[in-house]
Amino acid sequence: MNVAPWRHRLFWPVVTLVLLLAVNAAFNPSFIRITVRDGHLYGSLVDILKGAAPLALVALGMTLVIATRGIDISVGAVVAISAGVAAWMIGGSLVIHDGVSSYVSRFPMPLAIACALGVAMLCGAWNGALVAGLGMQPIIATLILMVAGRGIAQLITNGQIITVYYAPYFAIGNGYLAGLPVPFLLAAAVFAALLALVRRTALGLFIEAVGINPAAAHVAGLPARRITFWTYVFCGLCAGIAGLIVSSTVKSADGNNAGLLMELDAILAVTLGGTSLTGGRFSLAGSAIGALVIQTLTYAIYSMGVPPEVNLVVKAAVVFAVMLLQSPEFRLTLAQWARRPLPSQEAG
Amino acid sequence: QQKKIVLGFSQIGAESEWRTANTESIKQAAKDAGIELKFSDAQQKQENQIKAIRSFIAQKVDVIAFSPVVESGWGTVLREAKAAKIPVILTDRAVNEKDDSLWVTFMGSDFLEEGRKAGRWLVDNVKGGEVNIVELQGTVGSAPAIDRKKGFEEVIKGKPQYKIVRSQTGDFTRAKGKEVMQAFLKADPKKINVLYAHNDDMAIGAIQAIEEAGLKPGQDIKIVSIDAVKGAFEAMMAGKLNVSVECSPLLGPQLMKAVQDVVAGKTVPKRIVTEETVFPMESAAKEFPKRKY
Amino acid sequence: MTPAQPVLELAGISKSFLGVRALAGVDLRLQAGEVHALMGQNGAGKSTLIKVLTGVYPADAGTIRIAGEAVRPRSPLEAQRLGVSTVYQEVNLCPNLSVAENIFAGRYPRRWGTIAWRTMEDRARALLARLNVNIDVGRLLSAYPMAVQQMVAIARALSVDARVLVLDEPTSSLDEDEVRRLFAVLRRLRDEGMAILFVTHFLEQVYAIADRITVLRNGERVGEYRAEHLSAPALVAAMVGRELAARREAAPAPAAAAGGEALVELRGLGSKGVVHPTDLALRAGEVVGLAGLLGSGRTELARLLFGLERADKGELRVRGAPVRVDRPRQAVALGMGLLPEDRQTHGIVSDLSLRENIVLALQARRGVLRNLGAQEQQRLAEGLVRALGIKAASLDAPIAQLSGGNQQKALLARWLATQPSLLILDEPTRGIDVAAKQEVMDEILRLAGEGMAVLFISSEIDEVVRVSHRIAVLRDRHKVGELPAGGQEQDVYRLIAEEA
Amino acid sequence: MGPPAAALAGGRVSANLSLQTEQAAPPPDAEPRRRRLDRKYVPLLVTVTLFLAMAALGSVLYTGFFSAQVFLNLLIDNAFLCVVAVGLTFVIVSGGIDLSVGAVIALVTMVSAQLVERHHWSPMAVIPLVLALGTGFGATMGFLIERFRLQPFIVTLAGMFLARGLCYLISIDSISIANDFYSAVSQTRIPVWAEASISVGAVIALTMVALGTYVAHFTQFGRTVYAIGGNESSARLMGLPVRSTLVGVYAFSGFCSALGGVVFTFYMLSGYGLHAVGLELDAIAAVVIGGTLLSGGVGYVFGTLFGVLMLGIIQTLIMFDGSLSSWWTRIAIGGLLFVFCLLQRLFEAKRPGA
Ligand SMILES: Nc1ncnc2c1ncn2[C@@H]1O[C@H](COP(=O)(O)OP(=O)(O)OP(=O)(O)O)[C@@H](O)[C@H]1O
Ligand SMILES: Nc1ncnc2c1ncn2[C@@H]1O[C@H](COP(=O)(O)OP(=O)(O)OP(=O)(O)O)[C@@H](O)[C@H]1O
Ligand SMILES: [Mg+2]
Ligand SMILES: [Mg+2]
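Chains as they are written, first to last, in the working numbering: chain A, 1 to 348; chain B, 1 to 293; chain C, 1 to 500; chain D, 1 to 354.
Please keep in mind that the hints were generated in silico from the structure rather than gathered at the bench. Glycine is no exception: its CB is placed at the ideal position from the N, C-alpha and C atoms. There could be a bad hint or two in this list.
[To be verified] Here are some chain D residues pointing at chain A (derived, C-beta under 8 Å): (1) F161; (2) R189; (3) V192; (4) W193; (5) R236; (6) L293; (7) G334.
All chains, full assembly: derive it from the sequences and hints.
Have a look at this one:
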């Protein structure tokens, strides 16, 4: 379909992103500079790609859940759990043998990673069962895991911050492949895979149908419940991968703080990306962009020397601006004002 | 021997290793002292602490102890406790109520003082011309963040060569600490000489950021932090962290002693200070094995 | 023409939706004390005109005058204040509110400022009684089927004292009896001087009640006629734009298959509180009609057969083999298809495009992995859209933007795409125009001719008689008898009415 | 065909509720009231019953649990949550959501403290002011949502950021309130019986519940909220005042948050930017547990009260137990929540719209 660019659903999210980047660049010129340092790209933009990866992953999973009219507020906790499992299983400890310190891992790393992801998917399955199986309301169903999940994470880490002393594990969060940060590549891979799945198979169609009109989808012979269930499992998986990245980046797992409030940012990312929380039509690319927008904003706040107590106000202002910018009704109103700057009637 | 003493303790939460160590120490000490402990976790919410104290009153415990999540707003519930003739002990943070008959004693560390210690170490050890400091604050509005900032600034005030060039919150976490430090290192054209982190976790996160930026933490950038948890010692032993000001979570034994005294009707001092030291890099290796948390 | 100044006058109304022209300079004049029929094929612009008139859509051009003075309502609320009371095409009520509330929402009877529930329910009960619907008005609307909901919507419109009453296909799911009641009420209102605008696809109803007729075609006004001056064929010609072949008479003699063993067989299949145990055999190449009054359980039986209700008695056999069908997916896998009675809630997936809506069932049958390629979908959809004459801006337009009748056709297309061996059609002709109706019937017979089994449910007994090789009659959720091919309408009525 | 059809109607009822009434369904207009009670209030009954069950459990498990004061404390300690949840119930019934409630509470405490302590205003001036402020805040969000078709979730999320942010702009430190009026109110206890008593806040909460119930079921506004929740476009076509009602809903929620903030100020006697963090989730949970559907259109203010008490009693149980470590506390809360929701799902008949 050949629609005008500003009609495209991704147009405004992209505009916002570009604007934010521009603002950043304006405040410190070094922002856009990307150099090559010991074999890999180095610079603010790279940091943003890197930093946005976990959020983007979670947002991707969340997108599908939201598309089925659901919501998953337990992702933050799941991130913490998977981080905890991985860190605990790899753990490793700093053994100092007469002066020389050496690193050992408790279980082989692949096993640890597999377990972490497995547990994460279990969490997703639990949510899915409550929602699709028992027919609980998504927000309350996932609230249960959100509350208990943190506890479980702390149980795993025993309330401590588990530091990982096993160098190979650090690659997931800090490594580079072909000059690009691994977290970014991971997110990109998941994104590509998901996109293929949604485009090449009928999954996208099914999910949207279920999200828009579950009853009709049921009559048309779609396995509505099964689809819903799997979206939650997938969301769990995404959160799991995010957990690995988070723990590997800081070389430790913090049951209490890992992925704290991530659910809000993820949902925000999804909505900024133009997917409606009422389910139905969804845009994966949109969510990815949404995540980038959020990360860029955070980065901007840090690097512009905004005093911490103002952070939230700035964030609020930007979110308001973005929302309005994306609202056709608002743009229409603006246009009207532009045409005749007299106070136009604005019925409430 | 009379019936077991029942102590109701309302903990702020489990937001950090430090806090967990603090809880552990109290539970352990209670067991050792043969005191029955009613423990309640408030998950960082003052209202939950108030609820907990109310339920302790309802359960008619012998002594109530708690670490206030903030100084303000305890009057009402403390009066209820007083009315119910249950003595109250404050740990590791004071409350600001005019009527100090509402609690029998306050024990624990003093965030202001920790901030000052950090400042003093800096002034004594980092000399020479311009000293550009970046600060990683704790959670905005939280008492330690506010006091550790205040104390530190008190000391460097009036010493123009010490300048805080950037200050941002790292929420007391490694992840945020690292993220913020990354941004600082990229953004700041001026050279950063010193990092002051309100707790070790943020410092540890920042250290990773500094290394990734190709600098040497501890040398190119001197790092001062507070708490002195295990992680900090490892960093110091690796020469990446210059100093950590101790803030001891091990209040358990002291608390139990105070509880027993109060129940026995002895008079206890209004303020029990836990002596805390400053651990510079050098002393780390020697101290490390001794650390319990 | 009556000299009196019209109560409602629309002049040169135009409306288009992003390029789709729905109305082009339409005029309409409505006199006090007349019933005015608005006729046109599916997609002609009837509902759009009504929505413009009642302030749902702003008009692109044109003027609206009520009692001589120009108005432009910006919302249904304003239209109501101007004395225009409306029943929109799809039942537009709140399923989560009680029947009584749906009737009085916005105009609650009060006592000391607070809503007087008792009074409200009593009035509601009285109002519905006038239409001979005797139901518990305290129950949620969603507990009742289309027909009842439509009656409630009408009751709501009648309960306001308005100058103009607008009814967009109010009778699409009513049976004759109820239609008669409705007309009685309408006539009285007309005699009281109310102006009534009435949309329907049933010619006999038009002639039964309308004084004048305005015909739309492709968003343009063809003309305004006095009912008695316009013969039915002429009316159809005006709507369709060409002469229409005289309707084919009664169904062809029992298909070859008639004697053959059943494709699908219900043996005492029933479910507590839904339908009583029923025997019914459906043979390939045969159209079986289900006749009965409202609430006689036709829809229930269809739902039961398709796995939308759980059967707890009897058994279901497909090609002689006993099978369990607990959910539609199994039914679809067995080669069944169900065109649901309630288009909005169980049929269309509103935000999806026409194309996606058409391929949905087929895709569901093929499963997630065996995806239909874009061009294959395109081919399939295009074929069916042409075959059924669906009128839409493009295959990628959201189906919600199609006119009511075209949505219905799209749903039919969805099931034809799966090439089912048994097609269950619950009120398939609801809301589709005369021309299309005949096409659909012919289509059904053609499919049967090709060996498909069809279960045909309709409130229009004459339709049932026309297409069915065999007619099963239901009463109070019991099957009370079967009629062989060539059965006449009166036979059906007799069966229905027997000691009832 | 009235009676038979209606008999069928009865049959249909039975299909999705109790199987007893099935065969002999009474004629249509026989005592419809009682029958509707049965059907619509099931979730409510379930909630109340489960609450009582939990209470019983606590009473047998822990000494001192079964006392009037303990139960009154549920009200005293959750008064603010209750007030907020009442407002939120309307928002959720209308099909929306309001995440800003907690932050607004914080802002109200902050503004009150600032004005009373630093600028020595009279509480008589401050309280009306903050209430107006909250209402305005809500109305503005409502306007944005309605006028520009924005998603309630983000608008109110941004509202939450904004309100918290404003707190820090006033002061990052907490301000304690020594004002006589405030401390007097916060210490006032209204005796119920024996020495059991409740606080002013609790009274306000109960009043709001009563008011909310009235508004929800006996006013045009309340009913319109339900209609919108049921089907917004239908509500428009039915000619209901959708726009003004939507704005009104968020304004009301804003008002409740502000009132909750006032109650909270009495409760805490301090203004602080970190007050009531995460309260929005508790409130949502309370509302949903109280039997309100997040998809809108179905719910009861009275149920919300029990949702709040439910969360309260779960916490109380854990406090009385007093042996749980921090993380087991969380797991236990989650567990109890699960058990509760599970039972709720099992007992409750399939709800319309669900
Ligand atoms: N919201 C909309 N967006 C885009 N196109 C629309 C919309 N509503 C109607 N249309 C188009 O306007 C034309 C007229 O539609 P309308 O519903 O008025 O037909 P109708 O005469 O009511 O048909 P029916 O008898 O099937 O109800 C149709 O082609 C339809 O596709
Ligand atoms: N006129 C009516 N009065 C009361 N209830 C009715 C009426 N018509 C239908 N019902 C309800 O509908 C249910 C059965 O309706 P169903 O839709 O199966 O019948 P139907 O024969 O398909 O009629 P239709 O499809 O024309 O509505 C019964 O449970 C009954 O409650
Ligand atoms: Mg129409
Ligand atoms: Mg039917």
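Restraint satisfaction for W193(D) [CB to CB of chain A, less than 8 Å]: 35 Å, violated
Go through the hint on F161(D) and say holds or violated, using the shortest Cβ distance to chain A against 8 Å. Holds - the Cβ of F161(D) comes within 8 Å of chain A, reaching about 4 Å at its closest.
Using Cβ atoms only, decide whether L293(D) comes closer than 8 Å to chain A, and label the hint accordingly. Status holds, d = 7 Å.
Should the interface hint for V192(D) be scored as holding, given a Cβ-Cβ cut-off of 8 Å against chain A? 32 Å, violated
Take the shortest C-beta to C-beta distance between G334(D) and chain A; is it under 8 Å? 3 Å, holds
Going by Cβ atoms only, is R236(D) closer than 8 Å to chain A? 14 Å, violated
Just to be careful: measuring from the Cβ of R189(D) to every Cβ in chain A, is the smallest value less than 8 Å? Check failed: Cβ of R189(D) comes no nearer than 32 Å to chain A, outside 8 Å.
In summary, the numbered hints that this structure violates are 2, 3, 4 and 5.
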